[in-house]
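Colleague: Order-wise, the sequence lines are chains A and B. Read the first sequence against our numbering and you will find it ends at 128, with the numbers running on by one and no gaps. Read the second sequence against our numbering and you will find it ends at 470, with the numbers running on by one and no gaps.
Check before you lean on any hint, since a few could be wrong.
[Said to hold, decoys possible] Far from chain B, some chain A residues (derived; all Cβ distances over 12 Å):
(1) R15
(2) A22
(3) V23
(4) S64
[Unchecked claim] Derived EDC-like pairs: lysine to aspartate or glutamate, alpha-carbon spacing no greater than 16 Å straight-line:
(5) A/K56 <-> B/E85
(6) A/K90 <-> A/E71
(7) B/K266 <-> B/E306
(8) A/K13 <-> B/E414
(9) A/K13 <-> A/E24
(10) B/K426 <-> B/E442
(11) A/K70 <-> B/D349
(12) B/K101 <-> B/D349
(13) B/K200 <-> B/D349
[Stated by the list, open to error] Take a look, some chain A residues computed to stay more than 10 Å from chain B by CB distance:
(14) T16
(15) L21
(16) T47
(17) I73
(18) L77
(19) Q82
(20) R86
(21) A96
(22) T102
(23) W110
Calculated from the structure, these hints are not laboratory results. Don't be surprised by glycine CBs; every beta carbon is placed ideally from N, CA and C.
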Amino acid sequence: MLKVRTAAGRLAVEGNACRRGLSYAQEEVLNPRRVLTTTVPVVGGKRPVVPVRSVAPIPKESIPQALSELRQLFVRAPVKVHQVIAQSVAGTGIAVVATWPVLAIEAEEEVQREKEAG
Amino acid sequence: MVVIGGGPAGLAAAHAATEAGARVTLLDRHPELGGVLPQCIHPGFGLKLYKEELTGPEYAWRWIAQLGEVQVFVETMVFAIEPGLRVWASSAEQGVLAIDCRALVLAMGCRERTRGMLGIAGTRPAGIMTAGTAQRLVNIYGLMPGKRVAILGSGDIGMIMARRLAWEGAQVVGVFEIMPYLCGLRRNYVQCLLDCGIPLHLSHTVIRVNGAKRLSSITVAPVDERLRPQAARAFEVEADTLLLSVGLIPENELTLAIGAELDPATRGPVVTSRMETSVPGVFAAGNVVHVHDLADDVSIAGQTAGQWAAAYACGGSSPGGKRLRIRPDANVRAVVPQLLVLPDVLEQGASLLLRAGCHHEGPCSLELVDAEKEQVLASKELPYARPAEMIHWWIPPRAARHLDRASQLLARIRVGR
Numbered sequence: 011m012l013k014v015r016t017a018a019g020r021l022a023v024e025g026n027a028c029r030r031g032l033s034y035a036q037e038e039v040l041n042p043r044r045v046l047t048t049t050v051p052v053v054g055g056k057r058p059v060v061p062v063r064s065v066a067p068i069p070k071e072s073i074p075q076a077l078s079e080l081r082q083l084f085v086r087a088p089v090k091v092h093q094v095i096a097q098s099v100a101g102t103g104i105a106v107v108a109t110w111p112v113l114a115i116e117a118e119e120e121v122q123r124e125k126e127a128g
Numbered sequence: 054m055v056v057i058g059g060g061p062a063g064l065a066a067a068h069a070a071t072e073a074g075a076r077v078t079l080l081d082r083h084p085e086l087g088g089v090l091p092q093c094i095h096p097g098f099g100l101k102l103y104k105e106e107l108t109g110p111e112y113a114w115r116w117i118a119q120l121g122e123v124q125v126f127v128e129t130m131v132f133a134i135e136p137g138l139r140v141w142a143s144s145a146e147q148g149v150l151a152i153d154c155r156a157l158v159l160a161m162g163c164r165e166r167t168r169g170m171l172g173i174a175g176t177r178p179a180g181i182m183t184a185g186t187a188q189r190l191v192n193i194y195g196l197m198p199g200k201r202v203a204i205l206g207s208g209d210i211g212m213i214m215a216r217r218l219a220w221e222g223a224q225v226v227g228v229f230e231i232m233p234y235l236c237g238l239r240r241n242y243v244q245c246l247l248d249c250g251i252p253l254h255l256s257h258t259v260i261r262v263n264g265a266k267r268l269s270s271i272t273v274a275p276v277d278e279r280l281r282p283q284a285a286r287a288f289e290v291e292a293d294t295l296l297l298s299v300g301l302i303p304e305n306e307l308t309l310a311i312g313a314e315l316d317p318a319t320r321g322p323v324v325t326s327r328m329e330t331s332v333p334g335v336f337a338a339g340n341v342v343h344v345h346d347l348a349d350d351v352s353i354a355g356q357t358a359g360q361w362a363a364a365y366a367c368g369g370s371s372p373g374g375k376r377l378r379i380r381p382d383a384n385v386r387a388v389v390p391q392l393l394v395l396p397d398v399l400e401q402g403a404s405l406l407l408r409a410g411c412h413h414e415g416p417c418s419l420e421l422v423d424a425e426k427e428q429v430l431a432s433k434e435l436p437y438a439r440p441a442e443m444i445h446w447w448i449p450p451r452a453a454r455h456l457d458r459a460s461q462l463l464a465r466i467r468v469g470r
């Protein structure tokens, strides 16, 4: 079990099994961050929504703001994996990208050919 | 060779087998590959294999992108397997397919337990569904299953959906778990329930669902040490939606049909350290064998199955030499593989995955015991034993030498000294 003690503004971590555990414990106490994942509506796609993620963890307290910003968005199909959906969320400078492709309804075969061509 | 199922186990098996020189056909009944991964939009995948935090779709995408020269049939359902290994499948596009193969990998995964398997009293209103169904509705179809949600069971998908629905504006009233401990991963408790302020009620269960057309409330009761609900202390919780996250069951209809031996503890086929079932040439990997905690471990098992299946398909036969059976004993619920192929293990070591049958927050030791002589042949110290967290035990070749003495092994967890 990971334990963190705080005394006089300093952190003492014990019980970590590796160095990652140490940095995780420090960050979890001082500046907890999470990778944000949600979905964004797609217009003209084979699917109504596309899953998205923040490319890096964002501060935990920014999550509600980021979610409400993403709720205003929609994207037009086709959507490619790792296509940028928002350049920055909640003023963090961290981008949000798609994590799964969504083909367009009409141009479906064309996109398929494009994908095969690389 | 043929791989049945295009989730993490099947993708890894197909990829590994192709790399090993086999010609592979991959069959999946869904329109797209990836199994459950495309709907698991949360992060936490790939930490083990890729040393980075990927979402489920990204993790699936990597495997699909590197698949290579695999013949893929999607929307194709396998309905029978004949001895001598002819696989029968059907699809709208191809009609009925009969594929003869030299080796087969079963990678059908698992399915969720449903309300009918729990026997909860009450009406039959809309709004009761498995956590995975809700996950599909929200993440694939963009639909919200309800406004005021209760969750029965502290499995991982339930906790992940608690956060997902809270983020989408639903009120998540609580997670009710019949056991006195958490059934999913610690990190999901912290990042899904604590982060969103969703209460977890241990030793509580749902004893009744109420409502005519739509669920209106659930009746919750605490349980005693023997998990019996205390109806006198029951209370009502208003909810229009009840998600069930109460366990997964390996999907083994095809496995049974070809006559492979099943392990009652895992509800999956008995496999050797080569992931071969009791039917020669038929291999299995992933959640069809036993339910894993992490997709990474499923992929690793798929690779093992794929490599050995390819070796079999390219002219091999089942290995000779001694096979050592491992049976779960005190405080161990299940062990995979159930059979060690001894010549392999002496050369390459053995990788065991075990499920604890007890919950103990403190040091304990995991032991492999000679079943006849009651002699400890290998052991490993554990910081704790939690049924929710799979135990990984790597036994290096040098330590595996001692196992040769036994004719059967028992796996035990000894608590306290």
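Colleague: None of the hints should be skipped; say for each whether it holds.
Modeller: The hints, checked one at a time:
1. R15: holds (18 Å)
2. A22: holds (20 Å)
3. V23: holds (16 Å)
4. S64: Its Cβ does come within 12 Å of chain B, the nearest being 9 Å, so this is violated.
5. A/K56 <-> B/E85: holds (12 Å)
6. A/K90 <-> A/E71: Distance of about 29 Å is beyond 16 Å: violated.
7. B/K266 <-> B/E306: violated (34 Å)
8. A/K13 <-> B/E414: holds (15 Å)
9. A/K13 <-> A/E24: Holds: A/K13 and A/E24 sit about 5 Å apart, inside 16 Å.
10. B/K426 <-> B/E442: violated (30 Å)
11. A/K70 <-> B/D349: violated (26 Å)
12. B/K101 <-> B/D349: holds (6 Å)
13. B/K200 <-> B/D349: violated (33 Å)
14. T16: A/T16 is indeed farther than 10 Å from all Cβ atoms of chain B, at 18 Å.
15. L21: holds (18 Å)
16. T47: Since the minimum Cβ distance to chain B is about 5 Å, A/T47 lies within 10 Å and the statement is violated.
17. I73: violated (8 Å)
18. L77: It is violated; A/L77 is separated from chain B by about 6 Å at its closest Cβ, not greater than 10 Å.
19. Q82: holds (14 Å)
20. R86: For A/R86, whose nearest Cβ neighbour in chain B is about 15 Å away, the distance exceeds 10 Å, so it holds.
21. A96: Holds, since 16 Å exceeds 10 Å.
22. T102: Fine: 16 Å to the nearest Cβ keeps A/T102 off the interface.
23. W110: violated (4 Å)
In terms of the numbered hints stated before, the structure departs from hints 4, 6, 7, 10, 11, 13, 16, 17, 18 and 23, listed from lowest to highest.
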